[in-house]
Amino acid sequence: MRVRAQLMMVMALDKCIGCHTCSVTCKQAWTNRNGTDYIWFNNVETKPGIGYPQQYEDQERWHGGWALDRRGRLRLRAGGRINKLLHIFANPDLPVIDDYYEPWTYDYSHLISAPLSDAPPVISARSKLTGEPTRLKWGVNWEDDLGGAHERLGQDPNIAGLEEQIRLDYENVFMFYLPRICEHCLNPSCVASCPSGALYKREEDGIVLADQNKCRGWRFCVSGCPYKKVYFNHVTGKAEKCTFCYARVEDGMPTICAETCVGRIRYIGVVLYDLDSVTAAASVPQDRLVETHRELLLDPHDPRVMSEAERGGVPFDWIEAAQRSPVYALACDLRVALPLHPEYRTMPMVWYVPPLAPVVHGLGSIGYDTEDPDAVFAAIEHMRIPIDYLANLLAAGDRGQIEEALRKQLAMRSFKRQEQLFGRGDTRTIAEAGLNPEQLEHLFRLLGLANYSERYVIPTSHREDAGALQTEHSGTDFPGNHYRDKKGRLRLRVRPE
Amino acid sequence: MEQPENPDPAAHGSSRPAAQALLGRRRYLSRGEPSDDGRVILRCDDSLGEEFYRDRWRHDTEVRSTHGVNCTGSCSWKVFVRDGIISWETQAVDYPETRPGMPDHEPRGCPRGATFSWYVYNPSRVRYPYVRGVLLDLWHQARADHDDPVDAWASIMADPGKAGSYKEARGRGGFVRATWDEAYEIIAAAHVHTIKEHGPDRVAAFTPLPAMSPVSYTSGSRYMALTGGAHLSFYDWYADLPPSSPQVFGDQTDVPETAEWWNSSYLVVWGSNIPVTRTPDSHFMVEARYRGQKVVVVAPDYAEHTKFADDWLHVAPGSDSALAMAMGHVILSEFHVRDRVPGFLEYVKTYTDMPFLVTLEAHDDGAYLPGRFLTAADLGEGVDDAAWKTVLVDSRTADPVVPNGSLGFRWSESGKGRWNLDLGDVDPALTFLDGEHDAVQVQFPRFDVDPAGVLLRGVPARRVGGHLVTTVYDLLLAQYGVARDGLPGQWPGGYDDAEHPYTPAWQEQLTTVPAEVVERVAREFAHNAQITGGRSMIVLGAGINHWFNSDVTYRAIITLLVACGCIGRNGGGWAHYVGQEKIRTFTGWVTLAHALDWSRPPRQCNGTAWFYLATDQWRYEVYRADELSSPLAKGLFEELAPIDCLSQAVRMGWQVTYPTFDRNPLELADEARRSGRPVGEYVADSLRDGSLRFAIEDPDDPANFPRLMFLWRANVLGSSGKGHEYFLRHLLGARDNASAAETPPDRRPRDVVWRNDAPEGKLDLLVNLDFRMTSSCHFGDIVLPAATWYEKYDLSMTDMHPFVHSFNAAIDPPWEARSDWDAFKGLAEVFSTLAAKHLGVRADLVATSLQHDSPGEIAQPGGAVRDWRSGDVEPHPGVNMPALALVERDYGTVHEKLTSLGPLVESVGIGTKGVQWKPAAAVEWLREANERVVSGVGDDRPRLETAEHVAEAILALSGTTNGALAHEGFRQLEERVGRPLAHLVDGERDRHIRWSDAQIRPQKTLTSPEWSGNESGERQYSAFTINVEELKPWHTLTGRMHSFLDHDWLAEYGEQLPIYRPPLNMPDHYPEIAELGSDSVVLRYLTPHSKWSIHSEYQDDLVMLTLHRGGPTMWLSVEDAGRIGVRDNDWLESWNRNGVVDCRAVVSPRIPEGLCYVYHAKDRHVETPRNERTGSSGGTENSLTRILIKPTHMIGGYAQLSYGFNYYGCTGIQRDEVCVVRRRGQDVSFG
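Residue numbers (the numbering used here), protein chains in the order written: chain V, 1 to 497; chain Z, 10001 to 11231.
Please keep in mind that the hints were generated in silico from the structure rather than gathered at the bench. Any given hint could turn out to be false.
Unchecked claim - One side only, chain Z facing chain V, incomplete, derived with CB under 10 Å:
id	residue
1	10283
2	10289
3	11127
All values reported here derive from a predicted model rather than from experimental measurement. All C-beta atoms, glycine included, are put in the ideal place defined by N, C-alpha and C.
Produce the entire structure from the sequences given, and follow the hints as far as they go.
This is how it looks when you write it as structure tokens:
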């Protein structure tokens, strides 16, 4: 057993308001440079929809992530070494710019400089790649709020097999938002795909990074990532990806996307996992993936885990942070968070609380207990988003996982309603959903109150051993270029290099 | 961290062959070291590879600021600066906590604000002063001929060819760079010339929303007030004012802060897409759901907020009042009549007009009409202000009683100490049904049928003081169709009776919402209020407020809250969120902004009325005023066009407009003085004999044109300008796309002069101060470069949260930009120099409306229209015509006054809503804090030299930020109310929030008589909690919340009580759309607030454009798009008589058939192609709208129905329009 620490994020999709602030603040801070125009380390998709880049979830087409071979062993979907080398100059799985979108801008200065003409000055779109006028066809969020959704419904892979039950007509329409960053996987296929060793996972916090010095621009990371969260900067020729804002989290600050999330849907904390169990966990049959992933995240209160963590070099304050971790609570203790597309077997570390879609039906009171005026919520079976759709997205098809997470959220609502209206809630309500009163309160604190200090429990990085610091702060690493002259005075020895 | 040793890789459980394969490959190509389990490279070094992003993150400083955009957000932001360049921004997270057990505010912000730094450096930023070349050439030429700039401007004005040449070029580009000095000189010369030749009230200023940056607002408005210019209101013009609020509450708008959503256990969200328009606060709603709150959404589309709803009532657009009436029917039937819930009945007895008596007037066939409130005057009581003291019956004695608290106790001597809601031993009778009564039939209009019909329903009546009367409550139950035993009339047979209004089954036909859902939601809503003591809340928004008949819709909704005892309760109440109107530091702001420290009264008028006249939209009216009259009307509007009603409202002192008279008010003052008679008498006589006329009676006479307009912090042309194309044609003389025919002769105004040649280009100069090339800038003459929000100092506040916080300059204004304060200060200096020579000291005759919260509100008793023009009564200024005042203007001192705090602050006092204080100590403090002026008219007064001085003064003079003043105000109010109030601020009396406090962190404001809620300590702000808890009256006729309104004009429209009124029937007025081919479809044209902009701000911002479709769009249903062969992203043309819009389609199943959405406000300069038919570029979303004014919004001089700036007046509605949509040619050209 080798215990390692990992920064993990959970997003409560039920809380997401689809505002895209996360995308903007991330973009402004990290990718508003030339060559990164089309790159959004963080983007938000309307579901159902085909996303960014288009249909990235369809691994039959893109061959991202891992699969089990016939003998049940883990292998990159895109193939092994020989296959990679064969295609190193013509990667068939690589999305082209139109799969993302052709970035554009406008001739803004025309608004000031327009000469006297017959009509008001108007600026129109120009490609940021060619400078030519362009007819806008697609963008990072083209499908916002189901724009054009009916024309592309069959292209959303999560709908495959559900065509019968999913109808996107006015009366039955549903939607939710899916914010996405890099998953900082425990089993990152981007890292495994890179021929240059430029992608790596930081041992101290699990952040997956693309080394800007080592990257040679082969782009196998781009195709290898099933989430398409590694991008190619076409100006620098390097891969770039979400950094989990390491420059901030090292100082204990949340990532930009998290801190600026006005829906307060994001949670960041530490989890401990056993490095030696990752491959095995990624190799279990599909129906066990979610549970195995949960088991891989270790109980931070378990004395054995604590001592193994310490032995493995995890600092005390990181172990302590793991014990207060909101993400561990949501994923493992409360069991309401789930991994995005676990079937890609990358062991993603950004998890999601599936959204309630309480609005029942436009046409009547189906799903309501009309006898009891205090029973104001409908059962999850009657909710709008088909459970199977969520199961395809977040549980490799396992409805049970979705039902459990939704039932707990609904039970919390019912219990808390009883409590605030009548002074006390009926514990049977929550017990049926699998929550004890303590867990209920914890769930409520995390989702309902969501205090800053409880959403983000981020220990600072341990850089005290960084060499230069010791010298600066009374270390004994003397430069050795001073000497005493004959009179005993201190002199600096100046030697030409 | 070092890697632990692992001598045996095989012990680590990896899938060896796969790992080995990777390991092998990596060794083949890379010098990097893989982890020893071979599956993934783990690294823990501080390699240079990580330096790239570390360096990217580095910054030098972090400055607190915010965004001065017309949005209720008022979010505090951290602006990051590196090497003198603003790099980006993230939200501040240091708001003071709410209270334990409740979510906090952080982080407040939205994607739009998060992009703002883009504006600072983008190429379309206004960096220098610009003047259109045509004008600048003329100016250079004129200056060469004239030494004096004013003479130079006069020479251009004297030559119609010259004036026409630059007006005709408006909107067509051709700006050239100028210097500040040159721009100032042109503007000041034009301003002086206009005052001299035409009058100060021919100059108009428009800037909205002081709460979003009160100092910046004040810069120009103070300049304008000191020069005598007219300041236009925005809140009503934006249709953000709910007229129902003055009507019901006697208050402009007062609502709970958003954290209050948390305290509600039943939240109905009605016409307000919270995640889009209240982005930073929506989490309170989302999180309150986990506390067990039920959320009901009423909206036609499946929108962002609908996804959170437990019930979605997908109401047909514009039919909301039918839904609300049916919910009211259920609630009144079950909780009032069947169950008589004691809490509800006590509440309405104490806090509403429901027990008050209303006379019944005999009408047809023995039936009656509701008349007026019975008053002490009707009982023959000789008390003062008897006509303003309303009457109820004490159920214990069955005798009439004149309870405390009505308006008759507010201004009279005898009312001192009795203006309160304390009923003592009196138990008001809500209904006469329980006692002795006659059942009489009352007629009520119904507008659900065409033509409108009449309902006959019985009420219990009695004779009181010789008058046949009933209670408001009895009328209300009858109106709602709540049958009670023993009353005659036409009543619904049950909820499933679809024939008789206002049942759930009846509404289903209009709204499409299933009756059973309405019934259940109404019951849940009331039941929740019953068991929680009123914690049911309704969020209302633009989706219902922007309609012509929004006031009755709102009243029907407010009735649900009132009937269930939810108003004035934490966790309950009405939450109207449209427009950031709440200036928490109201008193300090209003004093400085309108220069009340130097001279009073200022010129303020309803923006809608001003624009309606100035842009000649009245020439295209299709409606007659009486077309919407009740079938029971008396005919007051017969033959009248809407402008005739407005004209009458002006002459009766209800709604004064500017210019007011057909001559220069400086000359009129001189004339009056020369006559040797009192000015009021002189003007009244001149009006009566016709030698003087109101400007509104002939708006197209050049003598009555507005001449000069200043816009700052505003984009009228690209955002709020309903009837955009008419602005272009008539106000500006630019090219336009309107195709409407003028009103045919038989429907033209009766009282207002119709000139056959409509003027084009009324305005001589349009000046914009902005940092962005808006449509207003494009169509203006001079564009001055403003500092952005990251380059200046100001305050920010909102009703959404309880804080006041600050703008701070992250960098000083780049290029030649100047802050609003500095820009107007500089202009004032140039103006003062020219004005000293040309204008000197003059008397200015200022006409103002009869003001709410002043004795002017008791000028016209009974709500009866007694027009002096009819000859029956004499005209009396301030009584039945505008109030008149002579204001001395020493034009050479404008700059000195602008930059010092004048003496009226403590000599006369300042205040709001009838509460005044004389803050001598605060002024003394400001002398030290801001330093004192040492010469000129401001000698020894506090300086207002910088924006920071102004901010400091605003904070020092307001009760919400200076506890001593709040205390003084409550003390004074106690004398009138006769009940203790000052205890509300006992704990906050010594708090004074200084400018430096607001710079450090958002500061929670204090409870103050400026507002109606108690927010002391950790309590959330909810409107009217002081009224409910301390028995302080509402500022209405009865002193209570009103269900019944008895003004003549409201009766004429059949709107005395809440009622269903359908949207305006536009298709009937647009015969041209009846002849359309199959390639076109007619849709209801809706313009909701955008997800990608705040009004027109951000809609041209590259990040926002990238996040959606890269330009303006129209949302359509799948069905309608299919009908006209449109696919998602196709180019469309939409048109109606007002203009054309060209944009792309977003087709979506979340949109219902029959409507389309074009986000307000799309401006017109991005990705807007030329229209195929007109050849000119497609317009703004307001190219398809037109101003429609409702006569009932012009009422004045009558209790809560009296004028106040941004308080009561015509709203600029735009939701009742329809448009034609077709697929246009897909080859488009721009610009």
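Outcome of the hint check:
no., hint, result
1, 10283, "holds (5 Å)"
2, 10289, "holds (6 Å)"
3, 11127, "holds (7 Å)"
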